[in-house]
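J.: Single-letter residue listing:
Number of protein chains: 2
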Amino acid sequence: MSQRHGSAVGGTKSHRIYLLLKDAILSGRLSAGSKLPGENKLAEQHGVSRVTVRRAIQALDAAGLVRRQAGVGTVVLEQPLDATVMTASVSNLMPNMRKMSQASQVRLLEFGYGPPPAPVGERLGMAPGSRAQRSVRVRMIDEKPFSYLVTHVPESIALHYDEMDLANTPLFELLERSGVKVDHASQSISATLAGHEIAQALEVSVGSPLIALTRVVFDEQGLGVEHLEAFYRPDRYRFQIDLERNGDDSSRYWEPRVGGAPADGVS
Amino acid sequence: MSQRHGSAVGGTKSHRIYLLLKDAILSGRLSAGSKLPGENKLAEQHGVSRVTVRRAIQALDAAGLVRRQAGVGTVVLEQPLDATVMTASVSNLMPNMRKMSQASQVRLLEFGYGPPPAPVGERLGMAPGSRAQRSVRVRMIDEKPFSYLVTHVPESIALHYDEMDLANTPLFELLERSGVKVDHASQSISATLAGHEIAQALEVSVGSPLIALTRVVFDEQGLGVEHLEAFYRPDRYRFQIDLERNGDDSSRYWEPRVGGAPADGVS
Numbered sequence: 001m002s003q004r005h006g007s008a009v010g011g012t013k014s015h016r017i018y019l020l021l022k023d024a025i026l027s028g029r030l031s032a033g034s035k036l037p038g039e040n041k042l043a044e045q046h047g048v049s050r051v052t053v054r055r056a057i058q059a060l061d062a063a064g065l066v067r068r069q070a071g072v073g074t075v076v077l078e079q080p081l082d083a084t085v086m087t088a089s090v091s092n093l094m095p096n097m098r099k100m101s102q103a104s105q106v107r108l109l110e111f112g113y114g115p116p117p118a119p120v121g122e123r124l125g126m127a128p129g130s131r132a133q134r135s136v137r138v139r140m141i142d143e144k145p146f147s148y149l150v151t152h153v154p155e156s157i158a159l160h161y162d163e164m165d166l167a168n169t170p171l172f173e174l175l176e177r178s179g180v181k182v183d184h185a186s187q188s189i190s191a192t193l194a195g196h197e198i199a200q201a202l203e204v205s206v207g208s209p210l211i212a213l214t215r216v217v218f219d220e221q222g223l224g225v226e227h228l229e230a231f232y233r234p235d236r237y238r239f240q241i242d243l244e245r246n247g248d249d250s251s252r253y254w255e256p257r258v259g260g261a262p263a264d265g266v267s
Numbered sequence: 001m002s003q004r005h006g007s008a009v010g011g012t013k014s015h016r017i018y019l020l021l022k023d024a025i026l027s028g029r030l031s032a033g034s035k036l037p038g039e040n041k042l043a044e045q046h047g048v049s050r051v052t053v054r055r056a057i058q059a060l061d062a063a064g065l066v067r068r069q070a071g072v073g074t075v076v077l078e079q080p081l082d083a084t085v086m087t088a089s090v091s092n093l094m095p096n097m098r099k100m101s102q103a104s105q106v107r108l109l110e111f112g113y114g115p116p117p118a119p120v121g122e123r124l125g126m127a128p129g130s131r132a133q134r135s136v137r138v139r140m141i142d143e144k145p146f147s148y149l150v151t152h153v154p155e156s157i158a159l160h161y162d163e164m165d166l167a168n169t170p171l172f173e174l175l176e177r178s179g180v181k182v183d184h185a186s187q188s189i190s191a192t193l194a195g196h197e198i199a200q201a202l203e204v205s206v207g208s209p210l211i212a213l214t215r216v217v218f219d220e221q222g223l224g225v226e227h228l229e230a231f232y233r234p235d236r237y238r239f240q241i242d243l244e245r246n247g248d249d250s251s252r253y254w255e256p257r258v259g260g261a262p263a264d265g266v267s
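So the protein sequences, as listed, match chains A and B. Okay, so the first sequence: first residue is 1 according to the UniProt record's numbering, each after it adds one. Okay, so the second sequence: first residue is 1 according to the UniProt record's numbering, each after it adds one.
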């Protein structure tokens, strides 16, 4: 069942329970060595039959997430750390960009020009009717996809690179090479469900949780130069934000710690 | 259907499609004024019948997310901005803590003492066998829940506050009042699915996406003083990270922008 990628949205009820329990285990909410609630309890919680619960647990067992032990119950197994888990430090977003882009591979899924969606055009401060270069890329390490990146760049800037460039070079580097003076960026991080297309590209089930990031990058004149929507698999990517508490007693505040992150949110 | 909170995990297939499309609309991936794909296309994408798709679209219509227009198709409606959407600035995490705690209300769901889960004890650097104070709280604005907070505090520190204190005062303030010298914190942000209990507390469907934050707070001696697991509704909460690009040409880097955020990640 864990091979079922991007297939029927409803899946079976047991597949939905499998996804929920898998998510709880991979996120550490159900920790290694702890026991799952009993079949009756799970069936009651989720409003399904015991047979349905049993199927979900069989799938968890087959995927190596739990072991059923006679007389004991279902025990959560230690999960080997995925070697491809990337950590993006918020305070150290770009310095290791080259390293990161060398370590990962890009698959370019789409490349084209056209008017951007209205909210994207607005956030970039583009004049109505003007066109943007749109791309969709997947980033992988060892053939394992971890991020799905949708970018829009105003056409006047994007004319400095082509499809081949984007398949081989981080967009950020292409922008700087084009003479863009990047000055600041606005980002927000949220959570979303994998829809059909993204699920297929990231090799997860439809309805899986994804980290969603939106970033708008501006140049020294305050013009928008890049709009990024990124979707990350939470089992292969994580945002790390370390903080220090500074200031004196009358006014204490947190500041992000700078430096020390192994990788970054390259697009 | 949108009233169905924390009910059967499988739900119906049409409810799953409803959740996916709702998520795409609320996150802006399907923008106001754009058209949904046709019923045939959606049915094919999701491996379900047209009847199932139609039910999902009826539910979206009933929830005010789309309008079906004869001869046109199904159009995404403008969503009124939820007045309770909070934005947490990463670089300005605590200064407005009092303001935020005054604006929001807390419901204390659990309060007790016991050995923490192994990973929590380890991250706090607690000696094996020692006990922690565990609490579960929901934070609301205008009766609308937006975060579900699970905290662990070593017992020796937690003896300085009781259940009543925690129901009325942010944990962070209780810690400082207890004489704890908070020095730094390590945070990671991820995404997860709402399981049964959290779904009920946050009034979302089981399987909805949630932002998941883990924070460990340390004192000046490097001892762990608080472990927080927080789950946020993405339609009511967002992490905002603004960055500036600094440095000279030979070494340019991003730094978080400080200041200016309306609210923070108070626990």
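Worth flagging that the hints you see were computed from the coordinates, not collected in a lab. Please note: incorrect hints may appear among the correct ones.
[To be verified] Over 12 Å on every C-beta distance to chain B, these chain A residues come out as not near it, computed from the model:
hint: 1; residue: 17
hint: 2; residue: 28
hint: 3; residue: 38
hint: 4; residue: 44
hint: 5; residue: 62
hint: 6; residue: 107
hint: 7; residue: 108
hint: 8; residue: 113
hint: 9; residue: 119
hint: 10; residue: 120
hint: 11; residue: 166
hint: 12; residue: 176
hint: 13; residue: 178
hint: 14; residue: 200
hint: 15; residue: 203
[Claimed, not checked] Which residues of chain A face chain B? A partial, calculated answer using Cβ under 8 Å:
hint: 16; residue: 24
hint: 17; residue: 31
hint: 18; residue: 58
hint: 19; residue: 105
hint: 20; residue: 106
hint: 21; residue: 180
hint: 22; residue: 182
hint: 23; residue: 186
hint: 24; residue: 209
hint: 25; residue: 240
hint: 26; residue: 243
[As the list claims (entries may be wrong)] Lysine to any residue pairs mimicking SDA-like chemistry, simulated, CA-CA at most 20 Å apart:
hint: 27; chain 1: A; residue 1: 144; chain 2: A; residue 2: 246
hint: 28; chain 1: A; residue 1: 41; chain 2: A; residue 2: 31
hint: 29; chain 1: B; residue 1: 41; chain 2: B; residue 2: 73
hint: 30; chain 1: B; residue 1: 181; chain 2: A; residue 2: 246
hint: 31; chain 1: B; residue 1: 35; chain 2: A; residue 2: 115
hint: 32; chain 1: B; residue 1: 181; chain 2: B; residue 2: 161
hint: 33; chain 1: B; residue 1: 181; chain 2: B; residue 2: 216
hint: 34; chain 1: A; residue 1: 35; chain 2: A; residue 2: 68
hint: 35; chain 1: B; residue 1: 181; chain 2: A; residue 2: 219
hint: 36; chain 1: B; residue 1: 41; chain 2: A; residue 2: 31
hint: 37; chain 1: A; residue 1: 35; chain 2: B; residue 2: 197
hint: 38; chain 1: A; residue 1: 181; chain 2: A; residue 2: 201
hint: 39; chain 1: A; residue 1: 181; chain 2: B; residue 2: 242
hint: 40; chain 1: A; residue 1: 41; chain 2: B; residue 2: 196
Even glycine gets a Cβ: it sits at the ideal position worked out from N, Cα and C.
J.: State for each hint whether it applies.
T.: Structure-based check of each hint:
no. : hint          : verdict
1   : 17            : 5 Å, violated
2   : 28            : 6 Å, violated
3   : 38            : 14 Å, holds
4   : 44            : 10 Å, violated
5   : 62            : 19 Å, holds
6   : 107           : 20 Å, holds
7   : 108           : 20 Å, holds
8   : 113           : 19 Å, holds
9   : 119           : 5 Å, violated
10  : 120           : 8 Å, violated
11  : 166           : 21 Å, holds
12  : 176           : 9 Å, violated
13  : 178           : 15 Å, holds
14  : 200           : 10 Å, violated
15  : 203           : 16 Å, holds
16  : 24            : 6 Å, holds
17  : 31            : 5 Å, holds
18  : 58            : 16 Å, violated
19  : 105           : 23 Å, violated
20  : 106           : 21 Å, violated
21  : 180           : 11 Å, violated
22  : 182           : 5 Å, holds
23  : 186           : 5 Å, holds
24  : 209           : 4 Å, holds
25  : 240           : 5 Å, holds
26  : 243           : 5 Å, holds
27  : A/144 / A/246 : 40 Å, violated
28  : A/41 / A/31   : 19 Å, holds
29  : B/41 / B/73   : 13 Å, holds
30  : B/181 / A/246 : 11 Å, holds
31  : B/35 / A/115  : 16 Å, holds
32  : B/181 / B/161 : 16 Å, holds
33  : B/181 / B/216 : 14 Å, holds
34  : A/35 / A/68   : 10 Å, holds
35  : B/181 / A/219 : 40 Å, violated
36  : B/41 / A/31   : 41 Å, violated
37  : A/35 / B/197  : 17 Å, holds
38  : A/181 / A/201 : 32 Å, violated
39  : A/181 / B/242 : 17 Å, holds
40  : A/41 / B/196  : 12 Å, holds
Comparing the model with each earlier hint shows violations of hints 1, 2, 4, 9, 10, 12, 14, 18, 19, 20, 21, 27, 35, 36, 38; every other hint is respected.
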